[in-house]
Amino acid sequence: MTEYNFAYLDEATKRMLRRAILKAVAIPGYQVPFSSREMPMPYGWGTGGVQVTAACLVPEDTLKVIDQGADDTTNAVSIRKFFARVAHVATTEATAEASVIQTRHRIPERPLTDGQILVFQVPIPEPLRFLEPRETETRTMHALEDYGLMQVRLYEDIARHGEIARAYAYPVRVEGRYIMDPSPIPKFDNPKLDNSPALQLFGAGRESRIYALPPHTRVESLDFEDYPFTASKAAGQRCAICGAEDSYLDEVITDDAGGRMFVCSDTDYCATRVAAQAEDAA
Amino acid sequence: MIPLLQVEGLSKFYGHHLGCADVNFTLWPGEVMGIVGESGSGKSTLLNCLAGHMAPDTGRVMFDTRDLGPRDTLAMSEPERRWLARTDWAFVHQNPRDGLRMNVSAGGNVGDRLMAVGARHYGDIRAQASDWLGRVEIDAGRIDERPRAFSGGMQQRLQIARNLVTGPRLVFMDEPTGGLDVSVQARLLDLLRGLVQRLGLSAVIVTHDLAVVRLLADRLMVMKDGHVVEEGLTDQVLDDPQHAYTQLLVSSVLQV
Amino acid sequence: MIEISGVGKRFVLHNQGGVVLPVMEGATLSVWPGECVALVGASGAGKSTLMRMIWGNYRCDQGSIRVAGVELCGAEPRDVIALRRDRLGYVSQFLRVIPRVPTLRVVAEPLLAQGMAEPEALERARALLARLNIPRRLWSLSPTTFSGGEQQRVNIARGFILDWPVMLLDEPTASLDAANRAVVLDLIAEAKARGAAILGIFHDADARAAVCDREVDVTGFTPARDLSA
Chain A
1 MTEYNFAYLD
11 EATKRMLRRA
21 ILKAVAIPGY
31 QVPFSSREMP
41 MPYGWGTGGV
51 QVTAACLVPE
61 DTLKVIDQGA
71 DDTTNAVSIR
81 KFFARVAHVA
91 TTEATAEASV
101 IQTRHRIPER
111 PLTDGQILVF
121 QVPIPEPLRF
131 LEPRETETRT
141 MHALEDYGLM
151 QVRLYEDIAR
161 HGEIARAYAY
171 PVRVEGRYIM
181 DPSPIPKFDN
191 PKLDNSPALQ
201 LFGAGRESRI
211 YALPPHTRVE
221 SLDFEDYPFT
231 ASKAAGQRCA
241 ICGAEDSYLD
251 EVITDDAGGR
261 MFVCSDTDYC
271 ATRVAAQAED
281 AA
Chain B
1001 MIPLLQVEGL
1011 SKFYGHHLGC
1021 ADVNFTLWPG
1031 EVMGIVGESG
1041 SGKSTLLNCL
1051 AGHMAPDTGR
1061 VMFDTRDLGP
1071 RDTLAMSEPE
1081 RRWLARTDWA
1091 FVHQNPRDGL
1101 RMNVSAGGNV
1111 GDRLMAVGAR
1121 HYGDIRAQAS
1131 DWLGRVEIDA
1141 GRIDERPRAF
1151 SGGMQQRLQI
1161 ARNLVTGPRL
1171 VFMDEPTGGL
1181 DVSVQARLLD
1191 LLRGLVQRLG
1201 LSAVIVTHDL
1211 AVVRLLADRL
1221 MVMKDGHVVE
1231 EGLTDQVLDD
1241 PQHAYTQLLV
1251 SSVLQV
Chain C
2001 MIEISGVGKR
2011 FVLHNQGGVV
2021 LPVMEGATLS
2031 VWPGECVALV
2041 GASGAGKSTL
2051 MRMIWGNYRC
2061 DQGSIRVAGV
2071 ELCGAEPRDV
2081 IALRRDRLGY
2091 VSQFLRVIPR
2101 VPTLRVVAEP
2111 LLAQGMAEPE
2121 ALERARALLA
2131 RLNIPRRLWS
2141 LSPTTFSGGE
2151 QQRVNIARGF
2161 ILDWPVMLLD
2171 EPTASLDAAN
2181 RAVVLDLIAE
2191 AKARGAAILG
2201 IFHDADARAA
2211 VCDREVDVTG
2221 FTPARDLSA
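Residue numbers (my numbering), protein chains in the order written: chain A, 1 to 282; chain B, 1001 to 1256; chain C, 2001 to 2229.
Treat the hints with care, since some could be wrong.
Only part of the chain C face toward chain B is listed, based on derived beta-carbon distances under 8 angstroms [said to hold, decoys possible]:
#: 1; residue: Leu2013
#: 2; residue: His2014
#: 3; residue: Arg2052
#: 4; residue: Asn2057
#: 5; residue: Tyr2058
#: 6; residue: Arg2059
#: 7; residue: Gly2063
#: 8; residue: Val2080
#: 9; residue: Leu2111
#: 10; residue: Leu2112
#: 11; residue: Gly2195
Since the hints were made in silico from the structure, they are not lab data.
A virtual CB, placed ideally from N, CA and C, is assigned to each residue, including glycine.
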């Protein structure tokens, strides 16, 4: 045999994954256990996302992979090349052209559209993990909607820091039912989860869990009435390359003397803007 | 008037070993009932069965719920029972560590039950927590301290505040003054009595301390080897005990 | 208001070989509103036992004890609790309180238990403590530290704070000086005047003569004791 099966995994495995995904779509925010496979990359490098992507891909798909918003980082490049080789699918860096986007830690700035699938890589799927270490108990808490403890955590944040101190992996409530960890995306991206026209799938390889947000699902970030959720980013800064003020920025250290600049974390968004500006100028 | 709690034929076995057998009683609103007996007499087993921490083998525990009237709590679904446990019921453990979240501030501990039943206004939660700290005589300035910074008596008072903040109607207490110094006990007893009286609470208190039940309980149940051997008005059981075991128990108390 | 007929009682001491001690037999008496009746008889004749059976902390084995319409023989605890809260007052010889509670609250407690607002209840307690000559500086202290006479007056204040229709008094004037004794006798007279039915034990013959309308000798209710039985 010289070729891998389409998208690396055998058909029986993909069927198992699709069942898990269907169940996850049917119960938004609920963590569905699945039989996670060994992948040709270490845990922590997106094995969960890769398995979900493999189960979703069809030959006609166009795949985009980003890591922290960038298409050109090691992790993104290797996963993109992996699927180009084992599934022969087209790849792209343009958010608008992709039918499937696998992501680590970001949601693209450009609004997603109907028919797109966004696959998140998830390190720790259980939002209650650090409040209650017992998996048996956290499952019961989810089953019984016993979520007071999560709110206590946020209360403690305000009591100690004057605000809810979580900047990423900010917990959300899905359709008024399950509390879900949105993976370590910055809380700046949380509003994009809500009522998105795209199908959003979450895969945790090491923890063997898949969960999902079907298109147009109500997703609310947890907060208090008098301390409402705010999707903050670096205040008063704009991208040093494209000048965007509305995108999530990475801080880049430029020399040994403390020089720094802020640039868009979403490289496609930044490049698209720069291209448009060049066109306008011409 | 409808009884708040009606217990019928409650039994619990641990394998062949008897926990408690055929317990029957009726608790009326505003009544405080004491359960006394030596270690292993089944009093804690009974309390845990009543509070839904443990499933008895036989019997019914009818509780007069706010919305639906008397319901058998043993036949309730787990979500219903948990809801009851954080609204109309309270459970005060002997060891405050079992009843508090030790890594959460005092305010968070009191606010916990409020948030569990849906409170989402930080300012309101904090104001209520602060009010309750005051009621249990903890300086409101210590609202952000964690319980481990508190003395044993303060921890126990914090546990009581945490339990009473949702306005329960029935409080289960397991040796609430057990691990405390005598002087601290007196203060806690006074506090409990005042709260029970002012809030019109009903309570079931398990203890081996007869002085505690004389001061807190209207009624008394004496247990031995899993059976209720005597029950009645507290001072009648203590002053005119009928059963051999109760007579022994009462005559064994050291006089100061 | 108090009606006792054919009341009998015996103690069974299980831990002393099951010895049976009959202590009362055929006790019968009644007390009407506005009258004060004294129980008399030699020490050990059963005066205190009868008082305790009426209060309800001794169980009644035989006969009937009706207090303000409630049958105490075989009564449910909650009926006795309601009776004590609303209609039956008791001045015992012993003060049993939670160590830390201030005197003022101890005295006001029966009012608070009936649901009276705290300021009003405390005001009444202050007035009565003043009348019984308890120094104001002691009001905020627990009575557990007081002298015998002071404790006794706190007990009396607690007993007279409410206008109970039925009252039991166990040696209310014992260990009191002449002035305070006079105050207590006045309180008893006032209670009678408002129609309370009072049953008491008074060793002090002068006090008895001053407030009691008649005497009942409990010696007649004492069974012949045969300890060898």
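Hint by hint, here is what the structure shows:
{"no.": "1", "hint": "Leu2013", "verdict": "holds, 7 angstroms"}
{"no.": "2", "hint": "His2014", "verdict": "holds, 3 angstroms"}
{"no.": "3", "hint": "Arg2052", "verdict": "holds, 7 angstroms"}
{"no.": "4", "hint": "Asn2057", "verdict": "holds, 4 angstroms"}
{"no.": "5", "hint": "Tyr2058", "verdict": "holds, 5 angstroms"}
{"no.": "6", "hint": "Arg2059", "verdict": "holds, 5 angstroms"}
{"no.": "7", "hint": "Gly2063", "verdict": "violated, 16 angstroms"}
{"no.": "8", "hint": "Val2080", "verdict": "holds, 5 angstroms"}
{"no.": "9", "hint": "Leu2111", "verdict": "violated, 12 angstroms"}
{"no.": "10", "hint": "Leu2112", "verdict": "holds, 7 angstroms"}
{"no.": "11", "hint": "Gly2195", "verdict": "violated, 27 angstroms"}
Of the numbered hints listed earlier, those contradicted by the structure are 7, 9 and 11.
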